[in-house]
Each structure stands twice: as C-alpha cells, then as structure tokens.
Amino acid sequence: MFELLEYTFFQNALLCTILIGVSCGLIGTYIVAKRMVFISGGITHASFGGLGLAYFLGLSPLFGAAVFALAAAFCILYLSDSKRFKEDSLIGIFWSAGMAIGVLFIYLTPGYAPNLLSYLFGNILTVTGEQVALSLVLCLVIVLFFAKFYRPLFYIAFDKEYSRTHFVALNGLEIGVTALIALCIVLCMKLAGIILVISYLTMPQAIAGMFHKNFTKQLVWSTIVSCGGSIIGLFASAALKLPSGATIVLCFLAIFLICYFWKKKK
Amino acid sequence: MKELLELKGITAGYEQTVVLRDVNLAIHAHDFIGIIGPNGGGKTTLLKVILGLLKPFSGEIVYHVSKQSLFGYLPQNSRFDARFPISVKEVVLSGLMSEKGIFKAYTKVDRKRVEEILEVYGMSDYKNRPIGELSGGQMQRVFLCRAIISSPKILILDEPSTYVDANFEMEFYSLLKELNEKMSIVMVSHDLGTICSYVKTIACVNGGLHYHESNLITPEQLKLYNCPIELISHGTVPHRVLLEHDETIENKRIQ
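Keeping their order, the protein sequence lines are chains A and B.
With our numbering applied, the first sequence corresponds to residues 1 to 266, in that order.
With our numbering applied, the second sequence corresponds to residues 1001 to 1255, in that order.
Simulated from the structure, these hints should not be mistaken for lab results.
One should not assume that every hint holds.
Unchecked claim - Result set (DSS-like, lysine-lysine): computed pairs, CA atoms no more than 30 Å apart in a straight line:
id	chain 1	residue 1	chain 2	residue 2
1	A	K83	B	K1127
2	B	K1067	A	K148
3	A	K34	B	K1055
4	A	K217	B	K1055
5	B	K1127	A	K148
6	B	K1200	A	K34
7	A	K264	A	K34
8	B	K1002	A	K34
Whenever a hint applies, use it, and build me the whole structure from the sequences.
Laid out in structure tokens, this is it:
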C-alpha cells in the first residue's frame, strides 16, 4: 500500500487531504457550535449551480462553484438577519434552486459530462498540483484567521447581542468567517463531492464534542480527528480500491461508533 | 455630577410600531436609576436604545465618555444555546471584549481577573464547567461576573429579581450598592420594594418617560405623570407603605 506514496498523484492527494482535513476541522467546529450545519448544506448545493454554469461557459467549474457558494452564503445570512424571510425556507430555496440551475446548464452543454460524478461524490485522486497549491493557500488563511480571532469569533457566536453592547467590529469578523466557510466548502468538494461535504464539517466535530465541551479543545481535537480520519480513509480507499470520499465518511462513522461505545462502557 | 450619556428626544420601536415617544434621559456618574412601568410600556426597548442594540427612529444618543468599557449588561433571559461549547471561564472572559476589540490577545492577567471575580462570586468551583450545565441562578451569577469584570461605567440590569433566588437576593442587592460606588446602575424592575429601597432615582416608562429625582413615589407624582405604579404592583400596595419602606424591613421580609 505504501508504495503508492511514490506516485505524484497520490502525494498530491495525500497532501490535499491533510489540508482539507485541517480546514474542515476548524471551520466545522464553528459551524457546529453556531448550528449552521443546514446553512452549510444550502451553500454546498447552491454552488452546484455555479459549477454547471461555469461548465456551460467553458470556465473552471471550481471557480463557478466558489462564486455561487459565496453569493449563497452572504444572501442566506443577510436575508435571514433582516428577518423578512425564515432562515430554513431560505436555505431550502437556495439548496434546490442551485441544484436546478446546475442540472439545467449541464443538460444544455453539448456532449457527455465526464467529471460530473466526481463533483457529486468527490475524487481526490484526480487533484492537480494547481489545486493543491490553492488548497494550501486557503488552509493557511483559515488557520491564521482562527489562530488570531478564535476568541472573539466564538464569543460573538455565543452571544451576539452582548457583543454588540461592547461596540466590537463584529460585522467584519462575520463577513470574514462567512467567506471562509463558503470557500472551505468548495475546497472540500474535490475530496468529498457536493453530497458528502457536510459529513466532513460535522462528524469530526461530533466526535470531538463527545469528549470536550469547550471550543478551544474542540477546535484542536476536531482538526486532529478530521486529519487522522481522512488519512486513514484515503489509504483504505486506495488499498481496497473504493471511492475516496465515501470511504473517508465511513471511516469517520467507524471512529464515531468506537468512541461512542468506548465512552458508554466507561 | 459628571454626565456619561444622554438620550435626546428618542422615539423608538419596532417596524411600524412606536413604543417610546420623545424620551429624554441623562445618566450621570454614580446614578442608580430604577426603571418601572407596565408590560409593553417600553422598559426593555429603552434599555436596548441605551445599549445601542436598537437604532431609534429619531433623536440622538450623546456619549460624553469613551465607548470602551462603557456598558456591563445583564439581560433578563440570556437567549443563548445551552449546548454551545463554552466554559464558565470563557463566558466571563468575554466580558472583556470591549477592552480587547477583535485584535488584542487575552493575556494571563486577564485570566487572573476572571479567576478572582469567580472567587468573589462563589463560582470558582464551576470555572471549567460548560455554561449550559449550570442552574439558572448560577448562570445569572456568571453573567453578572461577565457584566462587571471590565468595571464598566454603566451597569444595566434587566429584571434581576426574576432570576435572583431568595438566598442570593440580599447579597445581590448589597453587592449592587457596593458596585454603585464605582459605576452607575440602571435597573429595570417589577419589584417596587426593591426599587424604593435601593435606587436613588426613578424613571417611569409608559410610552414616554417621567423622571423622578428621588426614590420616593408620592401620590402627587402618580397623579401628575399618570405613572403606572398600580399596574406593576398589582394595585394592592398602598402608597404609605412605600414611603415607610426601608432596607431593614425589606431584608426581614426576605429572611
């Protein structure tokens, strides 16, 4: 199995998996703490619209997905804050409309769409050097952002009204974290695909949450579990010749169940 | 005395409904203002305007001091997610956000301040507990710590009597008296007894605001301003009792 490490494509895949693991570990902890899992699902599926449109126009699908993900993230947060719409209805609209746009444009594009399945379910083994470099940049930005701002970020998430009585610049911080959530989701799509992204942002956090009820520790442990689980899953998928995205998700599930029963026995 | 903050001709409300009309109020150093009034009269709306949480339709808020560590706020019901992964220590530390902004790091000295204040309020044993695992009274004590750790210039309390339990009540109010030497306090309360024995001045809020320069409510004032005292005391507290109501009687009642 380890002879795979000699191949460039696998080195790229491994490196990218670690970078995504770290990014999702951090971003996911915020998403889970703030109960934004469903919002993240909406953003993920809305990005499919951008993917389809970019595909139709002959642009980079990931670029299209990123634009749509950012737009959806800001629209959902802004519109639900304004209290004119219910948040869950909004998410439903973006979720399905994004998918519809995607399906339509892919249908309109002449010829067969060979990579489509890899965007729905992910295929990390086809990651390019350029994508690894992009992942590295985004991962660094996320790590630095959390290292610098994790306290105000979680304090504001915990009690926004109270934070506002302290006149802190919470809008800037929220814009920053929203953009990073959207971009992290797009990055993760390469590994997990649109359908499985959510598990990367919730399962490591659920595992860390079983042992730690403090966001600082949850940040650290989610990242460790997220990285560890992804690496084990990647090797398992290569060894057993299974799709990487699904194998990693099942790997998280296995860790979750082991921890659950181990904790129960204790 | 030094003026900290001034509301000038504030009209405020939600969407199309006006709750407060043309309200003027100045908060000075060492004030202890009790805010009374009927439900829906605008007490909480007034607090929200003072705190900058609600933008008034018209009028202005003049700050005569810097906004840093201006407010300590103890909400009536902290609406938060009980399963949010945050410990008691961190909740209290978040009370320093005004000093720190989003860029400054929290230091060992800050954490020491947290330990000290938790010690004073008897919550040291709980410092590492998730906030959601505490009882209602304990939670409010933690939120009080959060409100005062930064030594704010104005401490704002919304209905403390609803969450302060009998054991803690006396302690709580004598504590407020102590704090009042260092900071101004604005307190909304339904508890007329409390208002009269602890506060220095009273503001009646019922759509508008009427300010009384003392903590005694006279029948003349009631008549003149049409203050809703009877409503909030359920119409059974004769006025004479209020005038005679002093701290010792109040304390006996609690014991």
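Hint check results:
1. A:K83 - B:K1127: 36 Å, violated
2. B:K1067 - A:K148: 24 Å, holds
3. A:K34 - B:K1055: Holds - the C-alpha atoms of B:K1055 and A:K34 are around 26 Å apart, at most 30 Å.
4. A:K217 - B:K1055: Violated. A:K217 to B:K1055 sits at ~37 Å, over the 30 Å cutoff.
5. B:K1127 - A:K148: 24 Å, holds
6. B:K1200 - A:K34: Not satisfied, since the Cα-Cα distance of roughly 41 Å exceeds 30 Å.
7. A:K264 - A:K34: 26 Å, holds
8. B:K1002 - A:K34: 41 Å, violated
Going through the hint list in order, the structure does not satisfy hints 1, 4, 6, 8.
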